[in-house]
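Next come the chains, spelled out residue by residue.
Protein chains: 2
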Amino acid sequence: MSWNTKFSEDARAIEASEIRELLKLLADPTVLSFAGGIPDPELFPTADVTRIRNDIEGNQQISREAMQYSATEGYLPLREWIADRHNTDNLELDFGNILVTCGAQQSLTLLAAALMDPDAPIAVADPTYLGALQVFMTRRPNFIPVATDPDGVVTSELEKAFQAGAKIFYTIPDFQNPGGMTLPLERRQEIIELAHKYDVAIIEDTAYRTLYYDAPPPASLLEVEGEFLGKGKWQNEGLVIQIGTASKTLVPALRVGWTIAPKALLDKLVILKQANDLQTSCMNQILAYRLFSSILDDHVLTLRQVYGERKDAMVKALRQYLPNNVSFTEPEGGMFVWLRLPEGLDARKLLEVALAEDKIAYVPGAAFHAKGGGDNTLRLSFSTCSPEDIDRGMKKLSDLIAREARRQVA
Amino acid sequence: MSWNTKFSEDARAIEASEIRELLKLLADPTVLSFAGGIPDPELFPTADVTRIRNDIEGNQQISREAMQYSATEGYLPLREWIADRHNTDNLELDFGNILVTCGAQQSLTLLAAALMDPDAPIAVADPTYLGALQVFMTRRPNFIPVATDPDGVVTSELEKAFQAGAKIFYTIPDFQNPGGMTLPLERRQEIIELAHKYDVAIIEDTAYRTLYYDAPPPASLLEVEGEFLGKGKWQNEGLVIQIGTASKTLVPALRVGWTIAPKALLDKLVILKQANDLQTSCMNQILAYRLFSSILDDHVLTLRQVYGERKDAMVKALRQYLPNNVSFTEPEGGMFVWLRLPEGLDARKLLEVALAEDKIAYVPGAAFHAKGGGDNTLRLSFSTCSPEDIDRGMKKLSDLIAREARRQVA
Chain A
1 MSWNTKFSED
11 ARAIEASEIR
21 ELLKLLADPT
31 VLSFAGGIPD
41 PELFPTADVT
51 RIRNDIEGNQ
61 QISREAMQYS
71 ATEGYLPLRE
81 WIADRHNTDN
91 LELDFGNILV
101 TCGAQQSLTL
111 LAAALMDPDA
121 PIAVADPTYL
131 GALQVFMTRR
141 PNFIPVATDP
151 DGVVTSELEK
161 AFQAGAKIFY
171 TIPDFQNPGG
181 MTLPLERRQE
191 IIELAHKYDV
201 AIIEDTAYRT
211 LYYDAPPPAS
221 LLEVEGEFLG
231 KGKWQNEGLV
241 IQIGTASKTL
251 VPALRVGWTI
261 APKALLDKLV
271 ILKQANDLQT
281 SCMNQILAYR
291 LFSSILDDHV
301 LTLRQVYGER
311 KDAMVKALRQ
321 YLPNNVSFTE
331 PEGGMFVWLR
341 LPEGLDARKL
351 LEVALAEDKI
361 AYVPGAAFHA
371 KGGGDNTLRL
381 SFSTCSPEDI
391 DRGMKKLSDL
401 IAREARRQVA
Chain B
1 MSWNTKFSED
11 ARAIEASEIR
21 ELLKLLADPT
31 VLSFAGGIPD
41 PELFPTADVT
51 RIRNDIEGNQ
61 QISREAMQYS
71 ATEGYLPLRE
81 WIADRHNTDN
91 LELDFGNILV
101 TCGAQQSLTL
111 LAAALMDPDA
121 PIAVADPTYL
131 GALQVFMTRR
141 PNFIPVATDP
151 DGVVTSELEK
161 AFQAGAKIFY
171 TIPDFQNPGG
181 MTLPLERRQE
191 IIELAHKYDV
201 AIIEDTAYRT
211 LYYDAPPPAS
221 LLEVEGEFLG
231 KGKWQNEGLV
241 IQIGTASKTL
251 VPALRVGWTI
261 APKALLDKLV
271 ILKQANDLQT
281 SCMNQILAYR
291 LFSSILDDHV
301 LTLRQVYGER
311 KDAMVKALRQ
321 YLPNNVSFTE
331 PEGGMFVWLR
341 LPEGLDARKL
351 LEVALAEDKI
361 AYVPGAAFHA
371 KGGGDNTLRL
381 SFSTCSPEDI
391 DRGMKKLSDL
401 IAREARRQVA
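Heads up: the sequence lines are chains A and B, in that order. The opening position of the first sequence corresponds to residue 1 in this note's numbering, with each subsequent residue numbered one higher. The opening position of the second sequence corresponds to residue 1 in this note's numbering, with each subsequent residue numbered one higher.
Keep in mind that the hints were calculated from the coordinates and are not lab data. Given the structure is predicted, the values throughout are model-derived calculations rather than measurements. Warning: the hint list may mix true and false statements.
As the list makes no split between identical chains, a pair holds if one copy fits it or if it spans any two.
Unchecked claim - No more than 25 Å apart at the CA atoms, straight line, and that leaves these computed lysine to any residue pairs for SDA-like: (1) Lys359 with Glu65; (2) Lys167 with Pro118; (3) Lys231 with Gln61; (4) Lys263 with Glu227; (5) Lys396 with Glu157; (6) Lys167 with Gly230; (7) Lys167 with Asn325.
The shape of chain A in the complex, shown without the other chains (with noise of 0.2 Å):
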């Protein structure tokens, strides 16, 4: 008996990547890891999620409301909260425009659900998040990779990617994951006009939005479209739907996100969430809704200052270490440097040799690429380690970078 025979075509798809078991080594503390795009735990705001529990468990019937079933849109206070936070004038957004998710990955999930087929052509970043390709390949579409730069998605290479037929296009435009580029305002203009122009609908993943570390990021594409369509016309014209979440800048546990999306299409990513799993926990939901309304900025603030730091300490350590050779990518926020080492070096079996004998770690660039590549470069995260740490981890990756680079010629 195969369970291999009875897998549908879908799942047959998706299999395990390799980076996964890799990462299965950082189960040992002696590692120092640069793999993980996750928070540090240090900071997270454990006295305010107690006193907040305390309230919410000290009031009997909010108590039970937290506990029990709920409706599947999301919990009506936290949903005029998002739809005022990332409201404008022209985009007249309100709580009938916001789905409550299990965080943003299951907003993609029900995204890929609600629009993509089987062989339809999907454009995404080169490189771009791995587990929005995860979640996509379990719909098995045709993947258009964009040629990216410094700034982000080249706008003439996404241009091509729509004229080959590509009706939707999923992009980070803020520090992205893994390669740390910005979009320029120009480039999310130009990104409106063109998804006008060929109708495709965008999605816009701000996961990392307000982790900036300089000046803020330009305006969102949501806004930028906002502004590009005029008043109240988003609506029934809009193609950019957004998604964010509470992980990055509060507790990835809550499992809180959302999904921003004009009302008609709303309404079936709704169906699809009942379908998926009835709804979000609502005491999670509850308790992500006090904490944004409470605490959130000034937890940023604190976010952006220490991981600032860190961003800082790594980008200098790179100028100071790194081999002439190997470029990098120079975040202005976010929690990743994207690393492009000498064509012919391997990250993965330098990454091998990185744990062994240097022990530390990072993530491989080669999953992050839709349709291959990338075999030379490599991501960098500095939000969980301290600036000592990383001047050190640094100064051991760039010397193995130059030792391996060595052996390879010889």
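Assemble the complex: chain A is given as a structure, and chain B must be docked to it using the hints.
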């Protein structure tokens, strides 16, 4: 611009149920509702939740672990507890057979993704759980409804479905939703024999299994299969996948459910879960684990007593008040009684009158039928009403049915 033209074929196949719209009327607090299949919030173990939360949040290390990203498979102690709880000498379950999900609904979602292709025949009881039909519908299978009698699915009819090519059978053997039926042991044994004769995967939904009010239900299909196969064979030859949930016995908003499956299938489900939503909230899993391992058995004793009294009150009232030409199931557990009205009486139209004139609600039965029928059936839940309210409500409902039946004759 119409989103309808952009929807995937799968998304087009699923529509909002009319029930959903109807049940929005239940927000009216003056309506006496027998509609929802939900636990009574007055019975939530709120003090235990608070005690456990304080324990978790009082320990910095556990608190941080609880709030962070975590393994897709689930929290290891919870997986071990679930494996132990459902193990038998024959099955030899361990944590590697357990995937923690966001409720049993997500277990169904992942199984549907793993095992169902468009047009593939799927056997389901007629009637069966609406939420299962909804999630399966997103895979556009070919439902084969299998006739039921007061003991559940009729096995000779099930064999016909298997002969017609069904390779999956979804079933709720204990106190079925919506029908209230429980499969006797002999039928369970026949089902396992048929599954192995025709190589059919069985999805066994145990949502209500521990909520018995008379004797415990017979051995589960998983246990029966373990005995059928003999010691140590299930891992490689098992066809039964069992799903369960904390929603009916503890707290729905935990959004903690599970899937028990042979490892070869479980590994694929883990990949699909990771793509779907990365993981189930670790803090909710730790809370569920501690509730399970400390208070579950005592708490279920309380639920059995309270819900059992309500079940008795409903059965007694229906016996007393219902016209003779209305039949109903007498469940031995769970939350539901199933009514069959005289042919020609439409339970949906009746509900409109029940809400408007008598301020009582139930769920019309048609939606529980995969391929239509059941217009004269309805589901009553006794889980959230006092025996007094149940008596009052059943009197009103019975009078209404008698009135409408007379009106129909006239």
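Status of the hints after comparison with the structure:
When the C-alpha separation of Lys359 and Glu65 is checked against a cutoff of 25 Å, the pair qualifies only between copies, where the shortest distance is 23 Å, while the shortest distance within a copy is 48 Å. Both within a single protomer and between protomers do Lys167 and Pro118 lie at most 25 Å apart by alpha-carbon distance, with minima of 13 Å and 23 Å respectively. Neither within a single protomer nor between protomers do Lys231 and Gln61 lie at most 25 Å apart by alpha-carbon distance, with minima of 40 Å and 50 Å respectively. In the homo-oligomer, the alpha carbons of Lys263 and Glu227 lie at most 25 Å apart inside one protomer (19 Å), although the nearest pairing across protomers, at 52 Å, exceeds that limit.
Proximity of Lys396 and Glu157 under a CA criterion of 25 Å is satisfied in neither setting, with 37 Å inside one chain copy and 68 Å between copies. Proximity of Lys167 to Gly230 under the C-alpha cut-off of 25 Å is restricted to the intra-copy arrangement: shortest distance 23 Å within a copy versus 53 Å between copies. Within a single copy, Lys167 and Asn325 get their C-alpha atoms no closer than 38 Å, and across copies no closer than 57 Å, so neither meets the 25 Å cut-off.
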